[in-house]
Amino acid sequence: MIGVELRKLFRRPRTWATIAVLNALPVLVAVLLQLTDLAPRPGEGPPFLSAVLTNGALFPLAALAIVLPLFLPIAVAVVAGDAVAGEAQAGTLRYLLVRPAGRTRLLVAKLLAVVAFVLVTVLVVAAVGYVVGATLFEAQPTGGTSVSGTSLSQEELAGRSLLAIGYVTVSMLGVAAFGLFFSTLTDSPLAAALGALAVLVTSSLLFTLDAASPIAPYLPTRYWLAFVDLFRDPVLWRDVVRGLALQGVYVGVLLAAAWANFTTKDVTS
Amino acid sequence: MSAVIRTTGLVKRYGRLRAVDGIDLDVRAGDVYGFLGANGSGKTTTVRMLLGLVLPTAGEVELLGERMPRAGRRVLPRVGALVEGPAHHGHLSGRANLSLIDAAGPGGSGRTRRARIEEVLDQVGLGGIDRRPVRAYSLGMRQRLGLAAALLRRPELLVLDEPTNGLDPQGITEIRELLLELNRRGTTVFLSSHLLAEVEQLCTRVGVLDRGRLVLQDELVRLTAPTGATVVSTPEAGRVRAVLDGRVLGVDGDRVVVRGADPAEVNARLVAAGVPVSALALQRPTLEEVVLAAAGTSADRVEAPR
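Chains A and B are the protein sequences, given in the same order. The first sequence begins at 1 in the working numbering and counts up one residue at a time. The second sequence begins at 1001 in the working numbering and counts up one residue at a time.
Incorrect hints may have been included.
Here are the in silico distance ranges between beta carbons for each label pair [said to hold, decoys possible]:
{"no.": "1", "chain 1": "B", "residue 1": "G1065", "chain 2": "A", "residue 2": "T264", "range": "51 to 61 Å"}
{"no.": "2", "chain 1": "A", "residue 1": "F10", "chain 2": "B", "residue 2": "G1107", "range": "40 to 50 Å"}
{"no.": "3", "chain 1": "B", "residue 1": "S1109", "chain 2": "A", "residue 2": "V27", "range": "38 to 48 Å"}
{"no.": "4", "chain 1": "A", "residue 1": "A216", "chain 2": "B", "residue 2": "A1304", "range": "55 to 65 Å"}
{"no.": "5", "chain 1": "A", "residue 1": "V31", "chain 2": "B", "residue 2": "G1127", "range": "44 to 54 Å"}
{"no.": "6", "chain 1": "B", "residue 1": "S1109", "chain 2": "A", "residue 2": "V31", "range": "44 to 54 Å"}
{"no.": "7", "chain 1": "A", "residue 1": "T268", "chain 2": "B", "residue 2": "A1264", "range": "34 to 44 Å"}
{"no.": "8", "chain 1": "B", "residue 1": "R1028", "chain 2": "A", "residue 2": "L112", "range": "51 to 61 Å"}
Partner residues are not named here, just some residues of chain A that face chain B (Cβ under 8 Å, in silico) [unchecked claim]:
{"no.": "9", "residue": "V4"}
{"no.": "10", "residue": "L9"}
{"no.": "11", "residue": "T92"}
{"no.": "12", "residue": "R232"}
{"no.": "13", "residue": "P234"}
{"no.": "14", "residue": "L236"}
{"no.": "15", "residue": "R238"}
{"no.": "16", "residue": "V241"}
{"no.": "17", "residue": "R242"}
{"no.": "18", "residue": "A245"}
{"no.": "19", "residue": "G248"}
{"no.": "20", "residue": "G252"}
{"no.": "21", "residue": "V253"}
{"no.": "22", "residue": "D266"}
{"no.": "23", "residue": "T268"}
In short, the hints are calculated from the structure, not lab data. Quick caveat: nothing in here was measured; it's all calculated off a predicted structure. The C-beta atom is built at its ideal place from N, Cα and C for all residues, glycine as well.
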């Protein structure tokens, strides 16, 4: 079943078009930086971008930081929102269910396919970032510099980059869970994706509002950029751990709601 | 004969509307069952409840002897279904679509998949189909592909909702022959339709749904059994009444309905009296007449309140 869903997702031209578009922005930024030599000052602009001119090895992280606030969540919301509602709109959902695929199994397979999409997308962005960083900028073979100013060996940098990739993936699971939940509520994939995006926009907006500070720790986007903390020396685990826990709660609750709704719902599409 | 589909007191309520209102279906092994009803009479909702897509408000569904939707995982692999038109992934080829749906559930071995796909494509007349995406198929081809998907695991029961939608007359004949052939080999066919002619040509048993109620369920031959009257066509309709005194039930132009289930006897008396007879037949109600007598007005008619 999961194989079927993966085949469906990755044999679809749209999936690869999304990933390609997602990579276009970091590449454009890299080219502009290389041509103008004008890096943002440290502390301004997306994280890590100020450092890439001197160390291309940091560009995968800069690339992730560029797509993380908007592009990546949009892509994830679209794919997750399409998961069930897309099948409903195309009419294929009823044939999957009378096949019978089993409602719980279908939902789990859809979730795993979305997770696979998130992972592949994040890895491709990081890989393209690595290639771009290595070709356009000078990579320092000795390793990199931490955000705290101390130097990191190449192994340390690679290890922490992998951790960061994992953390970004988990952050996106919250978006995926929102998308999947809305996807079981409606027969319109567009509505489901927009619903998930509305949650993110609301969350980002409240995050900037002082009056909303009591609820700030519970906003789904609150700890997204905490992956930067993985590059402090020593690693500042507090926000990373909180971010993982928060995403875990969101994913758990939303999937339970999606399951409860989908398994008891009349499929009339 | 064992029941292949049995429902008892099946009800589906949407708010105050009772879309399906206590129906007791009884489809037996070997039947070609015609499930008739106007648009909006609850046919599709019933079909969806049979297959576990819509959950009943009350009542029970038994499919192949097991309770639905609980036993869906065991029962549904033995059922082929076409519900409200075919649906496929437009960017994939017909073969890829069949392969995906076959892999998506139990009861379809991966080793025999390729052979089974070729077999059903041949059966529905798409054997020579190329790799073009389903998006480029005509309506009739999609319908055939949907039927192929339903046949993929040689089901014991076929549940088909309007299976000849979008087909041309040749296609309809072809699919009818295919269904009859499958039925001869032991497949029970449950066919929902609003096309009376189609049901009359294909089915052995008929159920008629009217506004959520099953108003009729019987063998087709019984429903269209002779009424005990004879229909005489004659250019001199007026003289028939004089010859067959008191037996004339009705006159319509040159057609006269006469009481008496023996056309030969009617003929002999008319000819002896010198009344020319151009045609003679036992009166049988058509399925259309039976259905119209059993069901009320069209369900999608919305009358203005008086």
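Given a cut of 8 Å on the nearest C-beta pair, is the interface hint for A:R232 held or broken against chain B? Interface hint status for A:R232: violated (46 Å vs cutoff 8 Å).
Satisfaction of the A:V253 interface hint, Cβ to chain B closer than 8 Å: With a closest approach of 24 Å, the A:V253 hint is violated.
Do the beta carbons of A:T268 and B:A1264 sit within 34 to 44 Å of each other? Taking Cβ atoms as reference, A:T268 and B:A1264 lie about 56 Å apart, which means the hint is violated.
Against chain B, is A:L236 within 8 Å by beta-carbon distance? 45 Å, violated
Does A:R238 pass the interface check with chain B, least Cβ-Cβ distance below 8 Å? 44 Å, violated
Taking 40 to 50 Å as the hint, is the beta-carbon distance of A:F10 and B:G1107 inside that range? 26 Å, violated
Does the beta carbon distance between B:G1065 and A:T264 stay inside 51 to 61 Å, or does it fall outside? 25 Å, violated
Does the Cβ-Cβ separation between A:A216 and B:A1304 fall within 55 to 65 Å? Given about 58 Å between the Cβ atoms, the range holds.
Between B:S1109 and A:V31, is the Cβ distance one that fits in 44 to 54 Å? 52 Å, holds
Taking the closest Cβ pair, is A:V241 under 8 Å from chain B? Hint violated; A:V241 Cβ to chain B Cβ min 39 Å, cut 8 Å.
Mind checking the hinted window 44 to 54 Å against the Cβ distance between A:V31 and B:G1127? 52 Å, holds
Hint check, A:D266 versus chain B [nearest Cβ-Cβ separation less than 8 Å]: 4 Å, holds
Figure legend: structure checked against the earlier numbered hints; hints not met, in rising order: 1, 2, 7, 8, 10, 12, 13, 14, 15, 16, 17, 18, 19, 20 and 21.
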